[in-house]
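Taking the hints into account, I'd like the entire structure generated from these sequences.
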Amino acid sequence: MDITESRQLTASLEDYIEAIFWIVSAKGAARARDIAKRLGVKASSVTGALQVLAKKKYVNYAPYEVVTLTSEGLEEAKRIIRMHEVLRDFFVNVLGIKSKIAEEGACKLEHNIPKPIFDRLIEFMEFIETCPRAGKYWTDKFIKQCNLKKARECEKCIEQSIKSFKKERTMTQTSREITLADLMPKEKGVVLKMNRRNSVTKRLADMGVVRGALIEVERVAPLGDPIDVKVKGYHLSLRKEEAVNIIISRG
Amino acid sequence: MTGKIITVALAGNPNSGKTSVFNALTGARQHVGNYPGVTVEKKEGFRNYNGYEIKFVDLPGTYSLTAYSIEEVVARNFIIDEHPDVVVDIVDSSNPERNLYLATQILEINVPLVLAFNMADIAEQRGIDFDIDKLSSLLKVPIVPTIGNKGKGIDKLLEEIIATATNPGPDTSHLLNYGPEIESEIEKIEKFVDQEHELAEKYGKRWPALKLLEQDKDILDKGHGEEVIEAVARSVKYLTRHFGDGPEIVIADKRYGFISGSCQEAVKSSVESRHTASDVVDKVILNRVLGLPIFAVLMYLVFRLTFWVGDPMMGWMEGFFGWLGAVVAGLWPPGVESPVKSLLVDGIIGGVGGVIVFLPNILLLFLAIATLEDSGYMARAAFIMDRIMHKIGLHGKSFIPMLIGFGCSIPAIMGTRILENRRSRLTTIMIIPLMSCGARLPIYTLIIPAFFEQRWHGFMLWLIYVIGIVLAIICAKLLRHTLFKGETIPFVMELPSYRMPTLRGILTHMWERSWLFLKKAGTIILVVSIILWAATSYPKPGEDRLAALDEEQAQAVEFQYSIAGRIGIAMEPAIKPLGFDYRIGTALIGALAAKEVFVAQMGIVYSLGEADEDSETLRAKLASNYTPLQGFCIMLFSLISAPCIATLAVCKRETGSWKWAFFQFFGLTALAYVITLIVYQIGSFVAG
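Heads up: the sequence lines are chains A and B, in that order. Heads up: the first sequence at position 12 corresponds to 12 in my numbering, and the numbers run straight through without jumps. Heads up: the second sequence at position 607 corresponds to 607 in my numbering, and the numbers run straight through without jumps.
I should point out that these hints are in silico values taken from the structure, not numbers from a laboratory. These numbers were taken from a predicted model, which means no experiment stands behind them. You may find that some hints are simply not true.
[As the list claims (entries may be wrong)] Per label pair, the in silico range of CB-to-CB distance: (1) B:Glu265 to A:Tyr64: 13 to 23 Å; (2) B:Pro312 to A:Gly28: 50 to 60 Å; (3) B:Glu265 to A:Lys115: 21 to 31 Å; (4) A:Ser99 to B:Lys152: 52 to 62 Å; (5) B:Glu181 to A:Cys154: 37 to 47 Å; (6) A:Gly28 to B:Lys152: 24 to 34 Å; (7) B:Glu265 to A:Ser99: 34 to 44 Å; (8) A:Gly28 to B:Ala296: 37 to 47 Å; (9) A:Lys100 to B:Leu301: 34 to 44 Å; (10) B:Arg288 to A:Gly28: 42 to 52 Å; (11) B:Lys202 to A:Ala11: 45 to 55 Å.
[Said to hold, decoys possible] Taking lysine-lysine and the DSBU-like style, the derived pairs with C-alpha atoms no more than 35 Å apart in a straight line are: (12) B:Lys237 to B:Lys222; (13) A:Lys156 to A:Lys100; (14) A:Lys27 to B:Lys222; (15) A:Lys188 to B:Lys391; (16) B:Lys391 to A:Lys57; (17) B:Lys254 to A:Lys55; (18) A:Lys230 to B:Lys188; (19) A:Lys193 to B:Lys140; (20) A:Lys230 to B:Lys43.
Ideal placement from N, C-alpha and C gives every residue a C-beta, glycine not left out.
Written as structure tokens, this is what we have:
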């Protein structure tokens, strides 16, 4: 079967979709030279790739015109970005890899993971984050072990983990993710997910704060709260206590 | 088919120009009321067109059709229960994506829909170009571009309404596909939904199944079998695992996906303008440094307009009622006393007139509020003040009515209509009387010079206002933690683009609200005025008792003989611990009609005839009869205790029940009693 006819995408084509998504998010539409610049490739290879993607109906493209994603393209971009986020979080939070290397690694691996493995990876991360026998302490220990190459002290470790489990139980979990509240004015990001579920998050979704939506902090109120953000082309204000529930990825 | 009646519901996002389209569609044939059971305004209008009688119902502005707020429930229930022949969704075409979100939800209910792409001129200015035919075929609905405030496109819209009413379009309940995972869960739930269920009968099983999956509280409560609820719980659990977000979020996500897909194909944005004129204005108005001063200046202007500009007009109104009273009194020969004359002049004209004199203030206040709302500043004011108001458990928007409260509680309570959340609104209404209103000022200006040295005057006045504010903050916190408990009111609010308000829009707003004040408060106040008049006039003492007395003394005796006077006297043991005697007691009863009446009543009980706040003789009497501590307690009690009857009447009108009016009456009086008691007792102890 000819590759241009199948819906299957190669790793490099997925990179294109991802790049177009970020450029469109920031500028409204992408040009071939923006894409070339972002990916560090020649303009001629961009043209070729765009023609393939247009044929597969992932992008709207005609020569010399700006490029946008179709709704299929948008879905695909969101899927790839989620893969990327999950992998990066796994590398950083569980394996203790430096974030720059983790980003690069995620970029390379995000394209080739079969769905069942991906789903299991998410569950595994959830599991070690919440399981009292593993938990944050366990992964921290692992990272320390890797870095210091010290001998293991298993008995002491178990005692400590019981202590920290009891402590954790009384404390609320601290999030390590970036939220909308972390952004400074004029910074923007893309919505990844909602941290909590209540009527406010549903309302936010109704107002256009959905996965993949570009969100830009316009300003903070004179007294420091609430904030004014731009989303879907209009201004929305919300308090920081509501913004911490919106997990984003800096764009 | 001439003479046929078509019912049309007008839906749309807030700030989409819905009101201007409604006005353009119906002209002057409008009727304002409330939706049954809730304080959401319901506007209806009529239009004859091509032989059809079309009835328009203006639904509350909403972003969505979930059961998030009263407005949404009202809008959705109207569409579901009343089943209008056509729904017109007004879309702000300068922001099509978010506005079309509501449209997709209406399409899913599968009622005949027409989209009005309003403010087409602004969209054009912003370089947004629509392929209307294409978008129309993608969404399977007719679309009409309109410019509501210029009346453009209205005839076309009317024709489209009639065409859609007589010939509804295709079934749109399956317009959106939510992807294999969600679709298969919808199918699973559909199997369990009862065929006979009222929703399923009217709208098929897909819509209720979808709503159940969205965990819509209102739909969940509509009597579904155990197995449906279980199936929903299973599906929700599965989908949450799968997507890492709740199904309601993913469904919203998919809807926006569908819309942005459609817009990609049919909407072209030629200009890359990221900063509109509105953004430039906000750079100044919401500036971190300038934001607060600008807000303060604007609030000062609102206050100034309401009271300083209003006061001369209020003087004319008072003059008019004075003249009217004299004319009516002139119908009787001079010197003749008649109960009917007294009822008309003192009871009705005095009482009702005393409240209607506030009409200029109220008109001006609503003029100012309507201008702030229609221009888009109101949302910014809330944005600026929310930090402070949130601390005391209220919403940013509560600030404005509370500020107005320093002038008069009546317009302030009516001004709480800008608050959407009922708990927040009730809390604000309850604490507004603690903002020391203009009618209490005469009491302070009488008392302060009577008991305190010149250099303390300013401080005492400041102190009494601050006590009111502090108590208001404490009460708000207390109420939000007890009676009006609930999750904090979120501040997810659109900051709409600034817009030049139209004169017609502002005047309509102003008039609708003022009319409600006149009509409803007027009727209650009439009754209350008559009761108060009777209580202060009857029973009359016998002629022999008054024989030896001059006119002033006779007035005092007459008053003490009346029901109000007797209550005052009977109350003495209860108010003694506050440092009050029966004279103050009776004057406080009189002050229920209006706070400033306290001064006149004190004049009467001290047999000084007509007294006002500048009366030196009255001050001398007070200074010789009471201590400064007692004087302070009088001010304290007047500040905190039950607001005037007119305020209570408005409170009843705005909360929809006497329960809250009584709660306010007794709650504040109890608070006043306790605080004054503590102050007086500790004060007398310290003073020895």
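Hints, one by one, checked against the model:
no.: 1; hint: B:Glu265 to A:Tyr64: 13 to 23 Å; in the structure: holds, 20 Å
no.: 2; hint: B:Pro312 to A:Gly28: 50 to 60 Å; in the structure: holds, 55 Å
no.: 3; hint: B:Glu265 to A:Lys115: 21 to 31 Å; in the structure: holds, 29 Å
no.: 4; hint: A:Ser99 to B:Lys152: 52 to 62 Å; in the structure: holds, 55 Å
no.: 5; hint: B:Glu181 to A:Cys154: 37 to 47 Å; in the structure: holds, 43 Å
no.: 6; hint: A:Gly28 to B:Lys152: 24 to 34 Å; in the structure: holds, 28 Å
no.: 7; hint: B:Glu265 to A:Ser99: 34 to 44 Å; in the structure: holds, 38 Å
no.: 8; hint: A:Gly28 to B:Ala296: 37 to 47 Å; in the structure: holds, 38 Å
no.: 9; hint: A:Lys100 to B:Leu301: 34 to 44 Å; in the structure: violated, 55 Å
no.: 10; hint: B:Arg288 to A:Gly28: 42 to 52 Å; in the structure: violated, 28 Å
no.: 11; hint: B:Lys202 to A:Ala11: 45 to 55 Å; in the structure: holds, 50 Å
no.: 12; hint: B:Lys237 to B:Lys222; in the structure: holds, 21 Å
no.: 13; hint: A:Lys156 to A:Lys100; in the structure: holds, 33 Å
no.: 14; hint: A:Lys27 to B:Lys222; in the structure: violated, 46 Å
no.: 15; hint: A:Lys188 to B:Lys391; in the structure: holds, 28 Å
no.: 16; hint: B:Lys391 to A:Lys57; in the structure: violated, 52 Å
no.: 17; hint: B:Lys254 to A:Lys55; in the structure: holds, 24 Å
no.: 18; hint: A:Lys230 to B:Lys188; in the structure: violated, 38 Å
no.: 19; hint: A:Lys193 to B:Lys140; in the structure: holds, 31 Å
no.: 20; hint: A:Lys230 to B:Lys43; in the structure: holds, 32 Å
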